[in-house]
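There are 2 protein chains.
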Amino acid sequence: MAARRSPAPKKKTRKKTSTGRKAPRKSIVRDAREVKRRNEALDKLAVKKIVGAARDVHDHILKRKKPDLEFPVRSLRNVQYSKKQGYFSIGKQKKVRTLTVNTVKGFAQTLRMMGLSKEMIETNDFATKRDAYYQSKNWEDARFDEQSESDSVMDDIEALFSVDGVSREQLRFVPDEHGGAVAGQLLVLDPDRDTGEIERIDCTRFGSGAYSIPSTVEHLSFETDADFVLVIETGGVFQRLQSHKFWQSSNCILVSMAGVPTRATRRFVRKLSDECALPVYAFVDCDPYGISNIYRTLKVGSGNAAHLSQFFCVPQARYLGVTPQDILDYELPTHPLQDVDIKRAKDALKNDPFFREHAEWQKAIRQLLKMGVRAEQQALAKWGLNYVIEEYLPRKLAQTTRFLP
Amino acid sequence: MAARRSPAPKKKTRKKTSTGRKAPRKSIVRDAREVKRRNEALDKLAVKKIVGAARDVHDHILKRKKPDLEFPVRSLRNVQYSKKQGYFSIGKQKKVRTLTVNTVKGFAQTLRMMGLSKEMIETNDFATKRDAYYQSKNWEDARFDEQSESDSVMDDIEALFSVDGVSREQLRFVPDEHGGAVAGQLLVLDPDRDTGEIERIDCTRFGSGAYSIPSTVEHLSFETDADFVLVIETGGVFQRLQSHKFWQSSNCILVSMAGVPTRATRRFVRKLSDECALPVYAFVDCDPYGISNIYRTLKVGSGNAAHLSQFFCVPQARYLGVTPQDILDYELPTHPLQDVDIKRAKDALKNDPFFREHAEWQKAIRQLLKMGVRAEQQALAKWGLNYVIEEYLPRKLAQTTRFLP
Numbered sequence: 004m005a006a007r008r009s010p011a012p013k014k015k016t017r018k019k020t021s022t023g024r025k026a027p028r029k030s031i032v033r034d035a036r037e038v039k040r041r042n043e044a045l046d047k048l049a050v051k052k053i054v055g056a057a058r059d060v061h062d063h064i065l066k067r068k069k070p071d072l073e074f075p076v077r078s079l080r081n082v083q084y085s086k087k088q089g090y091f092s093i094g095k096q097k098k099v100r101t102l103t104v105n106t107v108k109g110f111a112q113t114l115r116m117m118g119l120s121k122e123m124i125e126t127n128d129f130a131t132k133r134d135a136y137y138q139s140k141n142w143e144d145a146r147f148d149e150q151s152e153s154d155s156v157m158d159d160i161e162a163l164f165s166v167d168g169v170s171r172e173q174l175r176f177v178p179d180e181h182g183g184a185v186a187g188q189l190l191v192l193d194p195d196r197d198t199g200e201i202e203r204i205d206c207t208r209f210g211s212g213a214y215s216i217p218s219t220v221e222h223l224s225f226e227t228d229a230d231f232v233l234v235i236e237t238g239g240v241f242q243r244l245q246s247h248k249f250w251q252s253s254n255c256i257l258v259s260m261a262g263v264p265t266r267a268t269r270r271f272v273r274k275l276s277d278e279c280a281l282p283v284y285a286f287v288d289c290d291p292y293g294i295s296n297i298y299r300t301l302k303v304g305s306g307n308a309a310h311l312s313q314f315f316c317v318p319q320a321r322y323l324g325v326t327p328q329d330i331l332d333y334e335l336p337t338h339p340l341q342d343v344d345i346k347r348a349k350d351a352l353k354n355d356p357f358f359r360e361h362a363e364w365q366k367a368i369r370q371l372l373k374m375g376v377r378a379e380q381q382a383l384a385k386w387g388l389n390y391v392i393e394e395y396l397p398r399k400l401a402q403t404t405r406f407l408p
Numbered sequence: 004m005a006a007r008r009s010p011a012p013k014k015k016t017r018k019k020t021s022t023g024r025k026a027p028r029k030s031i032v033r034d035a036r037e038v039k040r041r042n043e044a045l046d047k048l049a050v051k052k053i054v055g056a057a058r059d060v061h062d063h064i065l066k067r068k069k070p071d072l073e074f075p076v077r078s079l080r081n082v083q084y085s086k087k088q089g090y091f092s093i094g095k096q097k098k099v100r101t102l103t104v105n106t107v108k109g110f111a112q113t114l115r116m117m118g119l120s121k122e123m124i125e126t127n128d129f130a131t132k133r134d135a136y137y138q139s140k141n142w143e144d145a146r147f148d149e150q151s152e153s154d155s156v157m158d159d160i161e162a163l164f165s166v167d168g169v170s171r172e173q174l175r176f177v178p179d180e181h182g183g184a185v186a187g188q189l190l191v192l193d194p195d196r197d198t199g200e201i202e203r204i205d206c207t208r209f210g211s212g213a214y215s216i217p218s219t220v221e222h223l224s225f226e227t228d229a230d231f232v233l234v235i236e237t238g239g240v241f242q243r244l245q246s247h248k249f250w251q252s253s254n255c256i257l258v259s260m261a262g263v264p265t266r267a268t269r270r271f272v273r274k275l276s277d278e279c280a281l282p283v284y285a286f287v288d289c290d291p292y293g294i295s296n297i298y299r300t301l302k303v304g305s306g307n308a309a310h311l312s313q314f315f316c317v318p319q320a321r322y323l324g325v326t327p328q329d330i331l332d333y334e335l336p337t338h339p340l341q342d343v344d345i346k347r348a349k350d351a352l353k354n355d356p357f358f359r360e361h362a363e364w365q366k367a368i369r370q371l372l373k374m375g376v377r378a379e380q381q382a383l384a385k386w387g388l389n390y391v392i393e394e395y396l397p398r399k400l401a402q403t404t405r406f407l408p
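Top to bottom, those sequences are chains A and B.
For what it's worth, the working numbering labels the leading residue of the first sequence as 4, then goes sequentially.
For what it's worth, the working numbering labels the leading residue of the second sequence as 4, then goes sequentially.
No lab work stands behind these hints: they were computed from the structure.
All figures in this text were calculated on a predicted structure; none of them were measured in a lab.
Fair warning: there could be bad hints in the mix.
For identical chains, the list gives no copy identity; a pair is met inside one copy or between any two copies.
Unchecked claim - Result set (DSBU-like, lysine-lysine): computed pairs, CA atoms no more than 35 Å apart in a straight line:
hint : residue 1 : residue 2
1    : K95       : K47
2    : K346      : K132
3    : K248      : K274
4    : K121      : K399
5    : K399      : K47
6    : K108      : K51
7    : K87       : K108
8    : K373      : K132
9    : K399      : K132
10   : K108      : K373
11   : K248      : K51
12   : K140      : K373
13   : K132      : K274
14   : K39       : K140
15   : K366      : K140
16   : K248      : K39
Taking the hints into account, I'd like the entire structure generated from these sequences.
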């Protein structure tokens, strides 16, 4: 399985293992009390915002005025992007829901949902979208008939409080799906929901397995002396790097996205990168889906959910590969671009505020369109199963400044 | 969020916590040497079978006869089920591939693929289907043009050696997707692929996170004093049980399937159940998909992959719920059965060897069809977010003999 006609001579580019390093562990939290204080402050802010919104409604009613709630408009037309801020953010357009005879049910449901959130923050509990829908079956006339209705109310509440920097997860509404898998030079600090005692989870100690990110990560803190986070598109490549302890030789943290990353995965990487000042490198397939749907969503967010970007996007992310140029440099096996790929790439060039801002990306996508092919990250296995570990990644990581933005 | 109109009075059905127990840890392996010996024996068997098949071809050629390879037929027509054996098994029908001018490429590819497997066993490495496809790009005339071709050859090889009790994972071909998440009273023993040193992974120590099952689990061993394994359909319910440490109060191991369980998840549960003699209880949605596609596949396997059942099915599994009767007993919110649900249920009654064998299942499925509705496991949240932990599961677990087979 050795590389037989490998396109470049083998160089000693591997970095020294981390065991010899003595750098201090990066972390913003020192002990259980600090973790607790920080989480309590976040909860307090969320409760304050809920109570504030409710009091406003209450005050209007006492003054015999019609109460209303103002929600940001969630649509592509109400999205802004600037290189400096680094992510899609929601614009200033609002829609107002005023309490009238016609809107009374939706208005009541919104307030009950906010009440549920407050109750969950106070009892340190949480609910998925489905949980919240079924909970409402006990709300008598305010019960939801379909989950799509409760989902929509939840989305509105999320957008409402996102303006104050409070995320859905801080409101204790959590996604139904888990986050991805993590392995490498990282301690995750997770306070027990009852006792507050901190579990220190060492991500170097999972053998061939990995740490599975919980549905919500707001309460987690980190300690690490890693140099970077490597986020990986496919489970197969993650398993290879994990089984061969690539995180040890490269002093990094590996995160498996398994396709488009879930909310929990994106939030986990964002928090980790923010709190430990770590660069994030993305390793995905070289096709318009990997570039646009996976990488772009990870880095700046998506158009129809711009109110989430402030929490979920990872503006620190840079694109390690596979790049269109890699297909040539590494003589990778390819597949022809499908019509849907071509459409997606042209859309990105024409309509996507992120790609429009970055000349390097325009050049790379045009190159891909001209070549008319795509390549998967596992195509590197042509040169040997572990070529990715022994050659490709070390060469790439020696020149991080050349990564696409 | 307390249960307001809960359908039955609260009873003290919770089991004693495990901390008071002094039962010996169940395990079939005692130390690193034993783990190593066991894994080496499995590898030796696999290599022996590969070499045997190759030698047979070689001998035929030396005798100037046409060599051939005999593969079991992979189709529903070639499947057997008996209650006693407990899973779908592959029948006696074979297809023979003889080396001729027309079959030479496929024949050569099959042998190269077997050679790759032998090489990976000897170097303790592994490949996904994609890896194997791309590896072949260096096989000159034996290279595959499409991944569907290499997948098909791999399936044949898997079926070929399954007759000798050797699984695809033992041949070192691993799935591209990870397994599910695990939490609870379990130590996973995972030998390092280079040093053989054993990592002991304590699944009680992951806070709100979990252990993510690796792509292949053949090399793992276990230590546990849990009473049972609870496999859960949705990530949301798993997160609830994990965050509230249900595994502690009920002395069990929680496994999240996140829909139809992956190969790695099924194999993990099967090994765990076999090696530690643990019962497995399934907690899924009450609909024909949960019953037939998720539970039935977990327990006895699926028709078109019967050669896998001996490794991947979990005959020890029993159905905790949600049952059609639970919908009535717990007054659960429901959705109407769709046409596709009704078709799936009628198919199960008429054509599925598993459901045909079990009168209790026929009765339950007929009841569901008569009621014309389905219910999700999260519907229990109607009675309070934690009703599932405080009432439903303890009541169910007090009467495990009543579980559907």
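Results of checking the hints against the structure:
| no. | hint | result |
| --- | --- | --- |
| 1 | K95 to K47 | within (26 Å within a copy, 67 Å between copies) |
| 2 | K346 to K132 | both (33 Å within a copy, 29 Å between copies) |
| 3 | K248 to K274 | both (24 Å within a copy, 25 Å between copies) |
| 4 | K121 to K399 | between (48 Å within a copy, 31 Å between copies) |
| 5 | K399 to K47 | neither (44 Å within a copy, 38 Å between copies) |
| 6 | K108 to K51 | within (24 Å within a copy, 71 Å between copies) |
| 7 | K87 to K108 | neither (42 Å within a copy, 56 Å between copies) |
| 8 | K373 to K132 | between (44 Å within a copy, 29 Å between copies) |
| 9 | K399 to K132 | between (41 Å within a copy, 25 Å between copies) |
| 10 | K108 to K373 | between (55 Å within a copy, 34 Å between copies) |
| 11 | K248 to K51 | between (45 Å within a copy, 29 Å between copies) |
| 12 | K140 to K373 | between (56 Å within a copy, 24 Å between copies) |
| 13 | K132 to K274 | both (23 Å within a copy, 34 Å between copies) |
| 14 | K39 to K140 | within (34 Å within a copy, 54 Å between copies) |
| 15 | K366 to K140 | between (54 Å within a copy, 29 Å between copies) |
| 16 | K248 to K39 | both (33 Å within a copy, 20 Å between copies) |
Checked against the numbered hints listed earlier, the structure breaks hints 5, 7; every other hint is satisfied.
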